Amino acid sequence: MSDQPYNPGYCLVNEKDDHKFRNIQSRSQNKRLKSTDTSGKGQENIRYLDTPLNHNLVTYIKNIVPNEHFNDIHKTIEEIAENEVGDSLFNNLVESLQSYFADEEESKKIAGQILFYKSRPCKMGHNCENIQNCVFTHDINREVIVNHVPQALSDKLEEYCIKYGQITHIKALHSHKFLIIFEEDTSALEFIRDRNPVLNDNSIKKFFNKKRVNLNNILNEHELLIQNIFDHGNKKTALKLRENLKKLKEMIHEQ
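Quick note, the sequence shown lines up with residues 1 to 255 if you use the numbering used here.
Just so you know, these hints were derived from the structure itself, not from any lab. Among the clues, some could well be false.
Pairwise CB distance ranges (calculated) [claimed, not checked]: (1) SER88 with ILE218: 29 to 37 Å; (2) HIS169 with LYS205: 13 to 21 Å; (3) LEU219 with THR59: 15 to 23 Å; (4) GLN98 with PHE207: 19 to 27 Å.
All figures in this text were calculated on a predicted structure; none of them were measured in a lab. C-beta atoms are modelled at their ideal positions from N, C-alpha and C, and glycine is treated no differently.
Sequences are here, hints too, so could you generate the full structure?
Shown next, in the form of structure tokens:
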């Protein structure tokens, strides 16, 4: 989720809905948490959750709460997030979660994790040992740049990389620079994490394709904004935007 506040613009809201839009816009001004403490202590009144909760957040919540209570907890979070922001949102979450956890501190921890979900980069980066369940973001994807590959070794690069997982595409960007696209981002991550020199050559460098990471982030944010427009009444515009976004993704995928 971007740190920029959501602002769909007055052109997407008619006069009848103007008051509702102003409330949404006011709530959207308060997005960033200055505290890095996910226990909930010291959190300032500047946080909200988009509703409905996005799929990745719902999956994350499912992994950190008791399975038998997940449906009830999910519904409760949705209801609270629809009407509350900042301290009121956090306090109401903590109070509601206490029915499912042993003590208040555990409820505060869970509430903090939900509010902080993917709000900032993980300090450990791709070296994080728990990427799948980490509350922070990681700049990983399926695309890896391999640079400074000697010409004598370039023919062996694909054979070397395939031991980390299936490769869907390999492209020479320059005579010594290659783009490797793995089928799974976990394969790309394993390749990046391997400390052994590529093709036994210490001069060869490897790193994630940052342009693809940034592009994916923009597309994901755009999807959330479209959902927000849809949820607040302008369904025809939202569906048209979603169709355009689908075409854009297809065009990018073909490149």
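Consistency of the hints with the structure:
1. Restraint check, SER88 to ILE218: a C-beta distance of roughly 31 Å satisfies the suggested window 29 to 37 Å.
2. Remark: the range hint 13 to 21 Å for HIS169 to LYS205 is upheld by a beta-carbon distance near 20 Å.
3. Between LEU219 and THR59 the beta carbons are some 19 Å apart, a value that agrees with the proposed interval 15 to 23 Å.
4. For the pair GLN98 and PHE207, the beta carbons lie near 45 Å from each other, so the given range of 19 to 27 Å is not met.
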